[in-house]
Amino acid sequence: MKMLPNLNPTFIILILGIVIFIFVMFLPAFLELKKPKDAGPKMIMDYNFSANFAMKEIPITDLEETHGFDQTLVKRIIDAVSVLPNLEV
Amino acid sequence: MIAEILKALFILLTVLMIAYLGRHYIFTLTVLKNSQKRKKDANAENIVYQPFVSILIPARNEERVIGRILQRMTKLTYPKDKTQIIVINDGSTDNTGIIAEEYAKVQSHITVVHRNKEEAGNGKAAALNAGFKYAKGEIVFCFDADYYPQRNILEKLVKEFTDPKVGAVQGRVVVLNEPQNMVTRLVTLERIGGYRVDQKARDSLGLIPQFGGTVGGLRRSLLECLGGWDESILAEDTDLTFRVYLAGYRIRYVYDAECYEEAVESWRAYWRQRYRWAKGHMQCAFKYMFKILKSGNLTLKEKIDGSLLLNVYFMPIFVLFSWIIGIPLFLSHPPQWLSISWAFMPIFLYSFVGNFAPFFEVGIGAYLDGRNRALWLIPLLIFAFLYNIPICTKALLDLAVSKITRKKNNYWAKTYHSGNGNTYIIN
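Those sequence lines, one after another, are chains L and Y.
Just so it is clear: in the first sequence, position 31 is 31 by my numbering, and no numbers are missing.
Heads up: take any position in the second sequence, counting from 1, add 1000, and you land on my numbering.
A couple of the hints might just be wrong.
Incomplete in silico selection of chain Y near chain L, CB under 7 Å [unchecked claim]:
hint, residue
1, Ile1098
2, Glu1101
3, Glu1102
4, Tyr1103
5, Gln1150
6, Val1174
7, Leu1176
8, Glu1258
9, Tyr1424
10, Ile1425
No wet-lab data here; the hints were simulated from the structure.
These numbers come from a predicted model, not from an experiment.
Ideal placement from N, C-alpha and C gives every residue a C-beta, glycine not left out.
Work out the full structure: start from the sequences and follow the hints.
Here it is in structure tokens:
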């Protein structure tokens, strides 16, 4: 029994403090490991936005079918835009 | 007398730790500061420079992943008539060669080099040298078989070669199989720190961005002058990095040229990979330490950064050493506050403050990537750090034994790729 250190309150509080500190430090990590809420692997992008936008064909009919877009509205927008001067000429 | 020697050693180790501590903070703050700046050379995308390029893909028993990268290679936006893809089937005993040949049949720009069992299995450098003999490109790129690059990665990397001083380029590695388990998640954090912060800062500060041996390329003319890859070094990429700089060329890091990789999935695989890296890095440290200090081709800041980079795998051993000598220092002195601080200083400096620096680095990298939740895992990196202590110690001891006995013990421990990353590819 004499080999054991003197278990005075300060010593116990110190040990408890260390244990709580370690627990609090690792708690978020264990929570994230158990129930990951991270977005997962970083998505690498193949093109920058402008290139992507320029190269993709936008299927209007698909949009209408999949998202229920009103094609007449799209046509009206196209007609409105078509009166603008062609800047590429 | 012994106590005085231990004290002197202790001070030396502490100074070294502070040097690495400062390095981490400088890198992190540099990247954080530059993250708000827009790219000055935004027009670089428009530079039309499309030389003929060769892509070397060394593969040894990679049947689970070789099809994935070859499929991706056929989808690259770089002109096919300016691309040569060379798969080096390094004595595979599985279907790697057959799968590669299937692709070569339908894609004329893919060539498969088969190495027989006698010449194969001597490491990546030997396989790359075998493939390099067939390379015709002005720029020679390397990709590992488990990688999956951006479609326009070559355009992004190639444009850096418009600067004649650039001898090599390096792109960013992103872990693909991150959600798999704790090991892959921790490797991801290490990669974020290394590629989002370390490499980026080195490039911004005009230091030595490291050629990583994959997702990168070199000028063919330079590679020929250097005699290809050094087959006696386990870290052939680090070796090439320093040979490029000693030859008077520079390496650019292109952080938006991204490529997925499959990270190691177990602690055992982690040990094998890091042991190889540590041993190879130490080989390079012994080979180049004095050469870079004496070289007239490197600036002072490049010499400092190069020295720190070369010796980075010794640091876990130094930490262990400082813990060991801390105990006799503590016991040999009366337990006054000064003596106690001496004993605990390395632990406080490195394990608490010092480790905060790489943790801070990883944290900022994750923040810049928008990975706020991944930050929660950072405390677990202490286990990876502790694991690196026996890895690096064993690597150093094995290297010392092979030097003393003059026996070459450079066994290339191949990293196993399960192909599990396929499930995370959605595009």
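Can you verify the interface hint for Tyr1103(Y): is its Cβ closer than 7 Å to any Cβ in chain L?
21 Å, violated
Take the shortest C-beta to C-beta distance between Glu1258(Y) and chain L; is it under 7 Å?
4 Å, holds
Hint check: 7 Å Cβ-Cβ cutoff, Glu1101(Y) to chain L:
28 Å, violated
Let me know if the C-beta of Glu1102(Y) comes in closer than 7 Å to any C-beta of chain L, holds or violated.
For Glu1102(Y), the interface hint is violated, since the closest Cβ of chain L sits about 25 Å away, which is over 7 Å.
Answer holds if the nearest beta-carbon of chain L is closer than 7 Å to that of Gln1150(Y); otherwise answer violated.
Status holds, d = 5 Å.
A closest beta-carbon separation below 7 Å is what the hint needs, so does Leu1176(Y) meet it against chain L?
6 Å, holds
Hold the hint about Tyr1424(Y) up to the distance rule: shortest CB distance to chain L must be less than 7 Å.
6 Å, holds
For the restraint on Val1174(Y), tell me whether the closest CB of chain L is nearer than 7 Å.
5 Å, holds
Minimum Cβ distance from Ile1098(Y) to chain L below 7 Å?
Since chain L brings no Cβ nearer than about 29 Å to Ile1098(Y), farther than 7 Å, the hint is violated.
Hint validity - Ile1425(Y) Cβ closer than 7 Å to any chain L Cβ:
Given a least distance of 10 Å, the restraint on Ile1425(Y) is violated.
This entry does not satisfy hints 1, 2, 3, 4, 10, going by the numbered hints stated previously.
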